[in-house]
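Visitor: Protein sequence lines, in the order shown, are assigned to chains A and B. Following the working numbering, the numbering of the first sequence begins with 620 at its first residue and continues without gaps. Following the working numbering, the numbering of the second sequence begins with 478 at its first residue and continues without gaps.
The hints are simulated quantities; they were obtained by calculation from the structure and are not laboratory data. What you are looking at is a predicted structure, and each value in this text was computed from that prediction instead of being measured. It cannot be assumed that every hint is accurate.
To be verified - Partner residues are not named here, just some residues of chain B that face chain A (Cβ under 10 Å, in silico): (1) Asp504; (2) Cys510; (3) Phe520; (4) Thr525; (5) Trp539.
Unchecked claim - A few chain B positions that, by computed beta-carbon distances, are all more than 10 Å from chain A: (6) Ile488; (7) Thr530; (8) Pro535.
Just so you know, even glycine gets a beta-carbon here, dropped at the ideal spot from N, CA and C.
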Amino acid sequence: MESSDEQLCRAVAEREPGAFDLLVERYQERAYRIAWSVLRDREDARDCSQEAFIRLHESAGSFAGQSKFSTWFYRILVNCCLDQQRRRRGWRRLVGWRDQRADGPDEPDPVEQAPAPFTDPVDGMDTERRMTKVWALVDELSPQQRAAVTLSCREGLATKDIAAVLNVSEATVRVHLHRALSTLRRRLGDEG
Amino acid sequence: MKDVHVDEWLIDHVRGDLDPADRARVDVHLAACADCLASRERFAVLMTELARTAPAPPPIHWGAYRADLRERLERRTSGHGRLWAWLVQPLPALVAAGLVAVLVLSGLPTAVRTSDPIALDNTILATRLDMIARLDVVQQLDLLEDFNVIGELDELPEPQKS
Chain A
620 MESSDEQLCR
630 AVAEREPGAF
640 DLLVERYQER
650 AYRIAWSVLR
660 DREDARDCSQ
670 EAFIRLHESA
680 GSFAGQSKFS
690 TWFYRILVNC
700 CLDQQRRRRG
710 WRRLVGWRDQ
720 RADGPDEPDP
730 VEQAPAPFTD
740 PVDGMDTERR
750 MTKVWALVDE
760 LSPQQRAAVT
770 LSCREGLATK
780 DIAAVLNVSE
790 ATVRVHLHRA
800 LSTLRRRLGD
810 EG
Chain B
478 MKDVHVDEWL
488 IDHVRGDLDP
498 ADRARVDVHL
508 AACADCLASR
518 ERFAVLMTEL
528 ARTAPAPPPI
538 HWGAYRADLR
548 ERLERRTSGH
558 GRLWAWLVQP
568 LPALVAAGLV
578 AVLVLSGLPT
588 AVRTSDPIAL
598 DNTILATRLD
608 MIARLDVVQQ
618 LDLLEDFNVI
628 GELDELPEPQ
638 KS
């Protein structure tokens with residue numbers, strides 16, 4: 620019978636041979652995909668997802684089993700990604716860049732401030748162009764909002780799991796998602 | 478009034494992610510509010526699009542990924558990784574660079590460290606004291622011969638005094 624993720628995590632904590640490799644094989648694609656969705660950089664995504672596995676190896680003993688293993692691991696992973704974002708932003712500031720994606724609570728999202736583009740309601744937008752555009756607009760969201768959208772719409776996590784991953788309340792997740800999707804709708808000219 | 482709407486619950490309603498009590502509350506509101514109902518439908522369409530069209534990340538070789546991960550993990554657990562990570566930290570690197578700079582600068586002559594051109598001239602003259610001691614000879618040298626003769630000043634005959 621196949622071991623559950625939680626059992627494997629406990630086996631990793633006890634340094635049982637092979638347990639860590641099994642968990643990596645189960646989660647490597649999801650970890651890389653989520654990291655890439657947040658960071659949008661292949662090397663950073665590879666590096667952060669590997670770092671998350673290393674932290675998992677180091678702290679497997681602290682997994683109390685009160686949440687699902689996947690929620691606990693995604694939290695480690697998303698923290699790595701957000702740390703990486705902050706470091707990247709710090710370096711940009713250090714060399715004089717103005718970060719266009721600040722997500723501090725007092726800094727308004729530039730995407731939300733921008734006026735909605737003119738769209739011709741008769742012609743509409745063809746589906747392919749729209750699809751390309753919708754994910755390009757997701758890239759312009761703040762890292763927290765992008766993480767919430769990715770975990771919700773792509774990975775199918777429930778609100779309480781996203782809250783646990785992002786270490787915020789469920790109400791905050793709802794606000795992140797509502798603002799993010801409202802912004803996307805406005806930018807796509809969907810406001811009816 | 479906007480604040481009586483259920484905007485922030487609509488996404489969870491679409492996803493079926495509300496407990497029964499909250500779901501019933503939202504259902505009641507949607508039955509009476511055309512704006513929220515329309516908004517819910519637009520959220521549903523957008524979320525379906527997002528789920529269906531999510532771009533795939535660039536492909537990577539999973540064997541190489543796991544090998545690299547294993548190597549990183551071994552470095553980290555063996556302690557070499559920690560030492561190397563410490564060495565490449567910005568602060569220790571800056572301190573080391575500063576120390577090297579101090580050592581290099583302290584090894585140079587004082588005149589080179591200073592930006593005072595007079596002090597620099599004095600230093601160069603000090604290395605040519607032998608020429609100054611024979612200034613009367615040097616002043617009589619043809620400019621074109623200077624470089625050959627200067628090196629053999631000690632071999633020149635004493636100038637005859639008239």
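Visitor: Taking the hints in turn, state whether each one holds.
Guide: Hints, verified against the model:
no. : hint   : in the structure
1   : Asp504 : violated (17 Å)
2   : Cys510 : violated (14 Å)
3   : Phe520 : holds (6 Å)
4   : Thr525 : holds (9 Å)
5   : Trp539 : holds (6 Å)
6   : Ile488 : violated (5 Å)
7   : Thr530 : violated (4 Å)
8   : Pro535 : violated (5 Å)
The structure shown violates the earlier hints numbered 1, 2, 6, 7, 8.
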